[in-house]
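Novice: Now for the letters of each chain:
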Amino acid sequence: VCQIGRYFFFFQAEDGIRDFCLSRGLGDVYKRQVSTQSTWGYFMITNFNFLLKKSCRRYFSHGKRYQFAKDIPSHTPRTKMNLFQAINNALDIALQTDDSAVLFGEDVKFGGVFRCSLGLYEKYGIQRVFNTPLSEQGIAAFGIGIASVGATAIAEIQFADYIYPAFDQLVNEAAKYRYRSGNQFSVGGLTVRAPYGAVGHGGHYHSQSPEAFFSHAPGLKVVIPRDCIQAKGLLLASIRDKNPVIFLEPKALYRNAEDEVPTEDYELALHKAEVVQEGKDITLIGYGTQIRVLKEAAKEAEQDGIKCEIIDLQTIYPYDIETLVESVKKTGRCIVSHEAPVTMGVGAEISAALQEKCFLYLEAPITRVCGYDTPFPLAHELVYLPDKWKVYDAIQKTVNY
Amino acid sequence: MCIRDRYQRRVHGGKNFLRKMFMRQFLPLKHITSLKKLVTAKSLRMFSLKQNKPYREEDQVITTKLDFDSQFKTIPTFRVIDLQGNVIAKEYDNLDPKILKRIYKKMVQLEEMDTILLQAQRQGRISFYMPCFGESACVIGSAAALNDYDLIYPQYREQGALLWRGMTTDEFTSQCASNGRDPAKGRQMPVHYTSSKLNFVCVSSPLTTQVPQASGAGYSFKLKQQDRVAVTFFGEGASSEGDFHTGMNFAMTLGSQTLFLCRNNKYAISTPSDEQFKGDGVAGKSKGYGMLTIRCDGNDALAVYQAVKYARQYIIKKKEPAFIEFMTYRVGDHSTSDHSILYREEEELKSWTQINNPIIRLGLYLKKKGIMQIDEESDKELRKKYRSDVIKSLKAAIEEKKPGISQLFLDVYDRQTLNLNSQRQSLEDHLEKYKDKYNLENFEK
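From first to last, the protein sequence lines are chains A and B. Per our numbering, residue 2 is the first one in the first sequence, and the count goes up by one each step. Per our numbering, residue 5 is the first one in the second sequence, and the count goes up by one each step.
If you're looking for bench data, these hints aren't it; they were derived computationally from the structure. Each hint can be trusted.
In silico lysine-lysine, PhoX-like type, Cα no more than 20 Å apart, as pairs:
1. Lys54/B with Lys124/A
2. Lys124/A with Lys24/B
3. Lys54/B with Lys110/A
Output of the computed footprint for chain B on chain A, the stretches with three or more beta carbons under 8 Å from beta carbons of chain B:
4. 126 to 139
5. 178 to 184
The beta carbon of each residue, even a glycine, is placed where N, CA and C say it ideally should be.
Required output: the full structure, derived from the provided sequences and hints.
Specialist: In C-alpha cells, the structure reads:
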C-alpha cells in the first residue's frame, strides 16, 4: 500500500484492504476503484485520523542501506561511541522513525542493566518504553502479540542465559507464524535482543552463547555484530526486517569496543558475511567477540608468514554460504571458531556445509576451535575459552597438515 | 516532491539545532505549564525517574492472630435463562431476536458439521478432527457479542466463532482435507484454522501460547487508540500453563485491551478439573491478578452474550483487561484420538446432554418467546440441510489436489533465502530422477 495524498492510497488489488484499514484504526474503506487493466487501485479512508500519517511512516522509513561498514562514505558525520551507546542510538532512531515501535523488557525503563536504553523512557514516554513483569516467556509472547498486529516490538531479555523460558514461544510460535497461516499472519516486527557471551566472571548463567539453539528453528533469524558500527547497522536492519530476529549482543564489548559511529540512520545488509581481513593461506570464520581473538591469532601467524583471511558471519542463520565457499576455495584451509560448546554448535554446521561444497579444494580438514562440552565455568574460564593461542595452534596444525 | 521528502526525519544538525538540543533536557518537565505547577512537589515526583516510597507504618494492616487462611467464597455463576428456557434474569432479556435466531442456527450448523467431519475421520477420509459438542453456546454467543474485527486468538475448539463470522463450509473442509484451496496451504493438521479476513489468528497445537500474545495485541490496540479488542479462548486445563499466568499478569500490569475467555469444560483430555487446580476454579486465579472477573453459565447463550458485551464495553472504556470463566461441559471426546468412555461414566455424559444442553435451552427459550417455531419437523429439515451441505463440500474437498510441491518452501520468511532455494532445487532434481517411485498425482503442479 502506498500513500499519495493525505487520504488517498494506491494499493495492489488484493483482499483484505478493509481489514488493513480496520486493523490500523483507519476507519472503513469509503471508495474502492480497481482498474481493469492493471492490478492497482485506489481507495479513500473515512476516518481522518492523523495517526494515519504516522502509521504509514513505517512503511517508507528506512535508513541508508550499505552492504558493509566499509561502504559508508568517510564524510558522514560520526561520533565516538562504545557498543552500548551505538545500540542506544539505534534504538533511538528505530523508535523515532517508527511510531508503532515499542521497547520493553526487564529494567528497561531506567536505562537497562547495560545502559542500552538510557534516556529512551524520558524521550518517548511510558507507553512506548516500559518495564514488564519478570517473565521471559511473557516478554517474548507479548512481543509476538504486538508484532502479529503489525506493530514493531523490540523485546529485551536481560541475559541470553535466561532466554530459555521464551524458547517455546520463539520456536513454536514466532518462527512458524507466517508459514502455518499461509502468509495471512506474521510477526515480522519482532526483534529479541539479548547480551550473550563470556565476560570474564560470568560463570554458568551470565556467559552462555545460545545461538545454535535458535539457528535450528526455520523461520527465525539470528544476528550477531562484532563491533559498534556493525551493531547499530545490523540492529536497525533487524528491527526493520519483516521476519522475527534474535539479536545477540556481545556483552564483553559493551564498554570495551569503541569506534567512530555514523550518527545518521543507516542499515547494514543481513545474510552477508564480511571479509574482515584478506589473506591467502587459511580462512578463519567466526562472529561476535571471537573476531578479535581471530585477529590476534592472525597477527601471531603473520610472524610465521601465514596470511589469514578472517570472515565475520554477521547473520548466523541463515548464513552466507557463498562468501565462505569463495574464500575456502581460494585458501584451501579453514578454521571455525566460537565460544559456544563445540559439539552441535554453529561450527559443526559450517564445517559440514563447507566440506560438502569445497571437498576437492581442501588441503586439510576443517578444524573447529570452540568451547568444550561443559557448562561455562567460572574459575576455569581462562582455559575454557578458545583464545588466540588455541587458534594459533590450530592454524599451525592446519597449514602444516 | 516525492513521498520520502514528505516524511523525512529530523536531520542531525539543521535549523535551530542548538536550541533544540538545549530544550531537550527539559522534556521530562514538558507537562509543567505554570510556575505553580513547577513548585508543586507532586508534579516533580511524577516525572522523577527514581522511586521514592519510604517506609510508612500506616500502609500496613497489622494483626496479632496467626491466622493462616485458605478459605474462599466461591464466585457465583451468572445465568439468564434456566434449564427449561425460562427467563430468571429479566433485565438481561433484551436481545435482538434476529441475533438470537442466528445464534441458534449457527449452533445447530456447528453440531451437524462436527458430526459429519467426525464420521469422516472414522471413515479415514480426513486424518484428525476435534468436535465442539456441548460448548457451542459459549463460543458462538461470544462471537456474536464481539465486533467482527475484534482479533480472536483461539485455542482449537472455536470453529463456532469462524462459523458466526461467515467462514464457508468449503473453507472448513478445504483445511481439513489439506487441499490446494486452503489459504493456509495445507501446512497444519485439520482443525488448525486461520483467517485474517475474519480476524482469527492461526490455531496452534501448543496450549495457552495464544494468551500472552493476545495481551500484546491488546496493548498495541490501546496504543493506537483503536476500538478493537484482542480476545483469547482457552480451556481450564490450559490455564495451568505458565503462559496463562504470564498473559494475565502482563495484561493487567501494562493495561491491554484484552478479553480472556476460559471454557471450563471439566476435562483436559482425561484429566478432570479437580486434578487441575484446588482453588476457586480459574475465576479465582483471575481475581488474584486484580482483573475484572465473572463466572458465567457457558451453556446459556444469553448469559454468554450479555457477559461478553459488558466486558467488551468495559475494556474499551477503561483500557483494562477482563476475564470470563464459562462453566460448560465437553460432551464429545477431546479429539478423534480420544475415547472418553474410558475415564468418565455414561451417566455423567447423559446428564449434561439431556439436562443442561445449550441448544435445547436456547430452543426452548425461543419457542416460549415466540421468536422461532421450533418443532421436530423444522429442526429435522434444518439439520438435514446443514448436513448435506457439509457432505457435499467434504466430498469435493477430498477430491481436490494437494498444494503444489513448491509450497513446501514458501512463507518460511517474507522472501526466499539461499538455503531454501538450493534445497528446493535438490528436491525437484530428486523427484525428477525418481519420479516413478513417488505418486505425485495428488499434488497440484
